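Trainee: Sequence lines, in order, name chains S, B and E.
Residue 45 is where the first sequence starts when you use my numbering, and the numbers rise one by one after that.
Residue 911 is where the second sequence starts when you use my numbering, and the numbers rise one by one after that.
Residue 2 is where the third sequence starts when you use my numbering, and the numbers rise one by one after that.
There may be inaccurate statements among the hints.
[Said to hold, decoys possible] Within a straight-line C-alpha distance of at most 30 Å, the following computed DSSO-like cross-link-like pairs (lysine-lysine) qualify: (1) B:K1132 <-> S:K370; (2) S:K370 <-> E:K125; (3) B:K1022 <-> B:K1132; (4) B:K1089 <-> B:K1132; (5) S:K370 <-> B:K1089.
None of these hints come from the bench; they were simulated from the model.
Remember, predicted model here, so these are calculated numbers, not experimental data.
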Amino acid sequence: MARSRLTESNAAGWGFALPAFALVATFIILPFFFAFAFSLTNQRLISPNPTEYVGFQNYRNLLGLGLLRIAPVRDDAGEIVRDANGAPKYPRVRTFTRNNPDYPQYQGMREWFGWRSGDDRVVVLARDVIFMKALVNTLIFVAVVAPVQGGLALVLALLINQKLRGINVFRTIYFMPVVVSIVVVSLLWRFIYDGNDGLLNNIIGALTFGLFEPRDWLGDPGTALGAIIAMSIWQAVGFHMVIWLSGLQTIPPTLYEVARIEGANAWQTFRYVTWPGLRNTAILVLIVITMQAFAIFAQIDVMTNGGPLDSTQTLVFQAVERGYGKQDISGGSVISVILFLIVLSISLLQRWLTRERH
Amino acid sequence: MAVIDPANHGLRLATRYAVLVLVAAIFVLPLLFMVMSSLKPTDQLLNDTSSLRAFLPVGDISLQNYYDAFARAPIGLFVFNSILVTVGTVSLSLLLCSLAAFSFTFLKWRGKGLLLSVTLATLIIPFETIAIPLLLLVSKLPWIGLEGFRIGWLNSYHVQIIPWIADALTIFLFVQYFKDLPEELVEAARVAGASWWQVYVRIIMPLSGPVIATGAILKSLKMYNEQYLWPLIVVQQESYRPIMVGLGYFFQLQVAWGEVMAYLSLITVPVLVFYLMLQRAFIASIASTGVKG
Amino acid sequence: MKSKVLFAGAVSVIFANAAPAQTELTMWYHGAGNEVESRLINQIVDDFNASQSDWAVAIQSFPQESYNDSVVAAALAGDLPDIIDVDGPVMPNWAWSGYMQPLPIDEAAYADFLPGPRGVWDGKLYSIGLWDAAVALYARQSTIDALGLRVPTLDNPWSEDEFMAALDAAKASGDFEYALDLGMAWTGEWYPYAFSPFLQSFGGDIVDRSTYKTAEGVLNGDAAIAFGEWWQNLFQGGYAPGTSQDPADRDRGFIEGKYAFGWNGNWAAVAHMAEVDDMLFLPAPDFGNGSTIGAASWQFGISASSEHPDGAAAFIEFALDDKYLAAFSDGIGLIPSTPSAAAMTENYKAGGPLEVFFGLSEAQAVLRPVTPGYVVAAKVFEKALADIANGADVADTLDAAVDEINADIERNGGYGH
Chain S
45 MARSRLTESN AAGWGFALPA FALVATFIIL PFFFAFAFSL TNQRLISPNP
95 TEYVGFQNYR NLLGLGLLRI APVRDDAGEI VRDANGAPKY PRVRTFTRNN
145 PDYPQYQGMR EWFGWRSGDD RVVVLARDVI FMKALVNTLI FVAVVAPVQG
195 GLALVLALLI NQKLRGINVF RTIYFMPVVV SIVVVSLLWR FIYDGNDGLL
245 NNIIGALTFG LFEPRDWLGD PGTALGAIIA MSIWQAVGFH MVIWLSGLQT
295 IPPTLYEVAR IEGANAWQTF RYVTWPGLRN TAILVLIVIT MQAFAIFAQI
345 DVMTNGGPLD STQTLVFQAV ERGYGKQDIS GGSVISVILF LIVLSISLLQ
395 RWLTRERH
Chain B
911 MAVIDPANHG LRLATRYAVL VLVAAIFVLP LLFMVMSSLK PTDQLLNDTS
961 SLRAFLPVGD ISLQNYYDAF ARAPIGLFVF NSILVTVGTV SLSLLLCSLA
1011 AFSFTFLKWR GKGLLLSVTL ATLIIPFETI AIPLLLLVSK LPWIGLEGFR
1061 IGWLNSYHVQ IIPWIADALT IFLFVQYFKD LPEELVEAAR VAGASWWQVY
1111 VRIIMPLSGP VIATGAILKS LKMYNEQYLW PLIVVQQESY RPIMVGLGYF
1161 FQLQVAWGEV MAYLSLITVP VLVFYLMLQR AFIASIASTG VKG
Chain E
2 MKSKVLFAGA VSVIFANAAP AQTELTMWYH GAGNEVESRL INQIVDDFNA
52 SQSDWAVAIQ SFPQESYNDS VVAAALAGDL PDIIDVDGPV MPNWAWSGYM
102 QPLPIDEAAY ADFLPGPRGV WDGKLYSIGL WDAAVALYAR QSTIDALGLR
152 VPTLDNPWSE DEFMAALDAA KASGDFEYAL DLGMAWTGEW YPYAFSPFLQ
202 SFGGDIVDRS TYKTAEGVLN GDAAIAFGEW WQNLFQGGYA PGTSQDPADR
252 DRGFIEGKYA FGWNGNWAAV AHMAEVDDML FLPAPDFGNG STIGAASWQF
302 GISASSEHPD GAAAFIEFAL DDKYLAAFSD GIGLIPSTPS AAAMTENYKA
352 GGPLEVFFGL SEAQAVLRPV TPGYVVAAKV FEKALADIAN GADVADTLDA
402 AVDEINADIE RNGGYGH
């Protein structure tokens, strides 16, 4: 839309925006550029050695991948050696990646994952397996939390949107965890997830009359990330419930009237009346959850430190662990820069996918 | 749908409430566990986690953990520091971020699009990833205060406040809200000869109650609940420490869980009470700013 | 730092015990939240300030779990105090990084000290401790009798076979949830401190101490792999609770009879004796290369930026008095650094209930690798042990640990060795 001359004002525009922008530039953008500069050096947190420019070496160390095809071990007769179950036996990956002059390109790499292909075994090697696991875990976290938290928040909003006496009390309660610190929440949930006599095991045990075998939720690589996801959703879902609720309340009641007269059932009403009215809200909820989810750190720091077996490593946790714990600022900064690029691409993609089509 | 069977209706109503109560239990129980545990000796607290007693004030109930917690750490000081930093940051943030958003929304000036995009892009930089460069930066900045001039911002309140004042989320919230205000108001005021400052103070701000409330709530929660890493590295004197750093006082080799629960309750309950008192405003304001994506 | 000096005058008006002529020395300590420890250290400070008129020490306490982060941050920002408190194995890193200076105190002042509390790096004393810590195998006489076991001694500790037979017997008795509690709930420095001596007894180590340039062969050699497999079996075989152990079980499990044996420090001994009347503190098993435990605890040193190293040294030397060593020992159960101070304590005097720990510390204690690289190596080692306990492949995990330690040494130009 064409703005009138009345709204044109360079001096005033800059003057009003400058205080806040200068602060953002000084305390967020400038340090981020420092971090980017560090990522191109061998900068240590503190060291008597001079800092040197190393180009993209840190990035190569982080992102390096290799593919190795391993033939099974054969005995003198040329037959494949098999174990008791008939599975072929393979030489260990370390025989290729450690001091093997035939495979200098794989020196120092580790097995990330692998699979059988015919009699051979194919192994994907990574120069930094922990980073790769942290990357995958973070993406899983985002991919699960964004839709599930958004969806559950919508379900709660629909529950709360009923016209019932005392409904505000429930609304108040559902929102309550939002105002509690994530550090406090994480400490509390360690008791809930405890493997021996944790509350969750006891509650499930009571509900199943003792049939349920207690689990060590945070100690088992199969459940640890899921447990942290569940807790994170518990803490934040109330916030998004309120945003959905406001979206719901903007849908004109007359539309529901029409749906009822047309004989629509509950699902049809939701599908054709409620959901189309929530489109803008959905975009907002999705973007906010995605941004928050990529930054996951406190839960990991308090609950698992990335374990067991790297099943809860995340990018921000690794950036902090390397930068502070291992005094390797350049290593931590590389992760920060990569994370920034990933989130930037995803948010640009989200914006493109949800752009308003005219 | 046409005929309502009263018995059926009652049953459905009961089911609805049952579902609501069940969900409420999921949200309340962990917090109830915290408060109840803070009243129990550590041994009993740990034994109680294996039964429903965890949620009940049973057994050896006392305020002993609270006395011990106050003896262990200057809790009042930590809470005061956190509140001071929160209030300082939030009030300055609301002022500067709303001014910037006002300019981004209503004024037309060279470089606006670029500045807004750059600002919003900082939304996706997690604080933890820039903490070290930021530390190096603030340790070199000059400061003039009551005690005169000095280099370095460490060990102060302002080092905990100033870097947090301006943030993209608050600016974004204001921009979203301002976009929905009728532009004619601004134009009419300008035609009538009002300055931009007058438009901001007399017209826009009085209409911005909900977004101010939302911004204040979100920022307060962040400043009160989440300030750990930053004060840990920039504040060495106990007199400036906030509550999350104070939590470390309770994690000695032998963790006194009763005292930990008391401390967690002490720092959480004020926020909860504040929330419960103002919950209508909390929810209404967040709702009103979230409507348009 | 400048403003602190300017302020010394103003501060001394507020703190009546500091006469205006005294120069202020700042000091950091890791004991915030520990009332007994705070009282003890404050007592030393008060006594020192009253004992002379040149210096006035002002102390600032930090929570232990974040103390090192605070010091490193302050070093980065150039804002360290005069006197710092440093964990023994971390000292070489801080000294090499250039934020500590050698401690100018006379050798006679610590001639009779145990080896653990002496912080020596590059041939120079940088820090000195008022106490040491030691680890022992906690047991009950009644358990030993019921399982029909021999009581091991310093001269004749259990062998690996005897130790495993003891664990098997405890497991078979069905009286315990687990045979052994290793304290896996205590993440952080506990892992290298408490468990790397097992590795050494197997014949391996965290780094090769002949050069300090590589971990290859010592952390992933045959001895280390044998250690790793033994270690993994403790958890996969159901002898010991793993990494997700509840910290409360660590504190109370042995006392409540959940565990037959415990691997625990002397600082927990007093609390155990109060509730268990037939406590035994046994030496570490010998896995082939002797029975060893870790040495060195918190120590005092001077920051490189201190403008008053003479004053700081005067304070530290003042604090080395036997009466303070004994007071700390009585207050929080630590092992005093000298035999004469030990004789003054409740627990470590001849015939005292913890006398055995003094013997353990004297006879078995081995320092963790004395290198600036220890800070990173310790974290790598901790993660490797946690992963192996959780079922990771032993050889691969140790290889990865070696690679990471070696890469770090290389990136730091060999850490000055």
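Trainee: Take the hints in turn and mark each one as holding or not.
Mentor: Tested hints:
Annotation: proposed proximity of B:K1132 to S:K370 holds, straight-line Cα distance about 28 Å (limit 30 Å). With a C-alpha separation of about 25 Å, the suggested pairing of S:K370 with E:K125 holds against the 30 Å cut-off. A hinted pair counts as satisfied when its Cα atoms are at most 30 Å apart, and B:K1022 with B:K1132 qualifies at roughly 28 Å. With a C-alpha separation of about 25 Å, the suggested pair B:K1089 and B:K1132 falls inside the 30 Å cut-off, and the hint holds.
The hinted pair formed by S:K370 and B:K1089 fails the criterion: a straight-line CA distance of about 47 Å is larger than 30 Å.
This entry does not satisfy hint 5, going by the numbered hints stated previously; all others are met.
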